[in-house]
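Colleague: Single-letter residue listing:
Number of protein chains: 2
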Amino acid sequence: MHFVNGKSSTQISIHDRGLAYGQSVFETIAVVKGKPLLLKKHMQRLYSGCERLLIPLNKTRLVAEISEACQQAYAKTETDSFVLRVSVTMGEGGRGYRNPSEPKSTRILSFSAYPSVPKENWLDGIHLGMVTIRLAQQPALAGIKHSNRLEQVIARSQWKDGWGEAILLDDMDSVIEGTQSNLFVLKNGMLRTPDLSACGVVGVMRDYILANASRIGVATQIGRLTVADLEAADAILMCNSLIGIWPVKRFYGQEYENFKLSHKLLGLLRDDGVIPTH
Amino acid sequence: MHFVNGKSSTQISIHDRGLAYGQSVFETIAVVKGKPLLLKKHMQRLYSGCERLLIPLNKTRLVAEISEACQQAYAKTETDSFVLRVSVTMGEGGRGYRNPSEPKSTRILSFSAYPSVPKENWLDGIHLGMVTIRLAQQPALAGIKHSNRLEQVIARSQWKDGWGEAILLDDMDSVIEGTQSNLFVLKNGMLRTPDLSACGVVGVMRDYILANASRIGVATQIGRLTVADLEAADAILMCNSLIGIWPVKRFYGQEYENFKLSHKLLGLLRDDGVIPTH
Chain H
218 MHFVNGKSST QISIHDRGLA YGQSVFETIA VVKGKPLLLK KHMQRLYSGC ERLLIPLNKT
278 RLVAEISEAC QQAYAKTETD SFVLRVSVTM GEGGRGYRNP SEPKSTRILS FSAYPSVPKE
338 NWLDGIHLGM VTIRLAQQPA LAGIKHSNRL EQVIARSQWK DGWGEAILLD DMDSVIEGTQ
398 SNLFVLKNGM LRTPDLSACG VVGVMRDYIL ANASRIGVAT QIGRLTVADL EAADAILMCN
458 SLIGIWPVKR FYGQEYENFK LSHKLLGLLR DDGVIPTH
Chain V
218 MHFVNGKSST QISIHDRGLA YGQSVFETIA VVKGKPLLLK KHMQRLYSGC ERLLIPLNKT
278 RLVAEISEAC QQAYAKTETD SFVLRVSVTM GEGGRGYRNP SEPKSTRILS FSAYPSVPKE
338 NWLDGIHLGM VTIRLAQQPA LAGIKHSNRL EQVIARSQWK DGWGEAILLD DMDSVIEGTQ
398 SNLFVLKNGM LRTPDLSACG VVGVMRDYIL ANASRIGVAT QIGRLTVADL EAADAILMCN
458 SLIGIWPVKR FYGQEYENFK LSHKLLGLLR DDGVIPTH
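Chains as they are written, first to last, in this note's numbering: chain H, 218 to 495; chain V, 218 to 495.
Keep in mind that the hints were calculated from the coordinates and are not lab data.
Quantities reported herein were computed from a predicted structural model and do not represent experimental measurements.
Pairs count within a copy or across copies, as identical chains cannot be separated in the list.
Straight-line Cα separation of at most 25 Å, SDA-like style, residue types lysine to any residue; simulated pairs:
#, residue 1, residue 2
1, K293, G313
2, K321, R302
3, K362, P317
4, K336, R315
Isolated chain H (complex conformation) (with noise of 0.2 Å):
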């Protein structure tokens, strides 16, 4: 199911913003049983990304847009789980860089099946391998979830067989953060993360992981992190929305066996019901 400013289309036009300079941000969220999960947490991020991009938006239609369309979805499909990816494009504008006088912004609602993925994954831990492209640092964009994705295309391009997720760095040898994922780093009981002011999306599941680990007793900290950095770590866990958390059993040469943590997390994010219970 696919909804265009509220009506069921799968069509935009040609002449929208989104589509020649990549004007629009999304949010891949978690749909359960008809229910958005951690929808005011993406709605915060999409609501940000629109004010930093000029993007104008009737925020009360979108949550009623996406709330009917979830219920629709939830009754016409055989299955609990789906995703929705929201996007809010700047709408159509003559040829030309400059913002339309007066815009319009395109809502945009599209459903697809859950990803199919290794229960291993969860339980054993993935390989984690890095790709060769380097995010560029561009504080103008930092943390939004735009759609100028042309570096995550490429790095994903750059995964070699095996690889559950890799890691991407910038041009000062700092780890940023997963192609389509968030990390985390394990070490001396204290979780960091990176810091994403120059580059990298800042992730739902990333906040919603700072704002909670101390319930489980952790510590968490955001600052540089950089190769060295993980391959001493006691473990490595990558996170975003969909998946909740995966551990790394792997990253290049280090083998990493402590999963007691990213266990305990997952656990906490579905007694929490923020990720699917399946």
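Once you have looked at the hints, place chain V on chain H.
Modeller: Positioned in the frame of chain H, the structure of chain V alone reads:
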């Protein structure tokens, strides 16, 4: 007039990766009496961009479609000159950054009116500004006219009233390009233009000037330029396929009065038939 994959249309799928990730390349081409100017050079850059972004393309078909569409548009319009935007996207794909296993690119041709600009821009020069957003350094994307253009959209939103163009710097305080043009600086008889190996768009008109300036006795050089170089210049020239060349009459406190070379080069471009003569 607008065409999608050779058929008259103004719609594309919401699943197109051009919309989802800005995974597309485009060219903005001046068309005079049904003839697309500098077509070979535009196509060379488009092909190169497609190759670097792994976008498959039937080149013969695209060129045939452009030729036919330009003839049709000329037959139906009352004006001699218009603008053709050619876009090639990665086409439809599933959710996620991974490229489709058998991608089918989308070809979009879209005609619009030639921008109306005061004649003074060519004769007396423009007021050149400078925006605060910096261009991020990303060698993997540098030079390509791709659709991840949020930096340019933000730059355009930072223009002040009266500016005819505005330059962007990178993080190293190097001058890279205009918001929608490339630039040359004239100093001691030498035309210099920034190196674009880390960021910026390799403009078709920039290439043409580099290849042809020697015909009017001017040497050219590619290298690093700073704001100080612009302030100390004998002349500054902004160029792209649609405008040809605009000289700069003012850049911050600095005034420029030497428009001879700009007018001479413009004459050469008109004589060569690579820009409209209106």
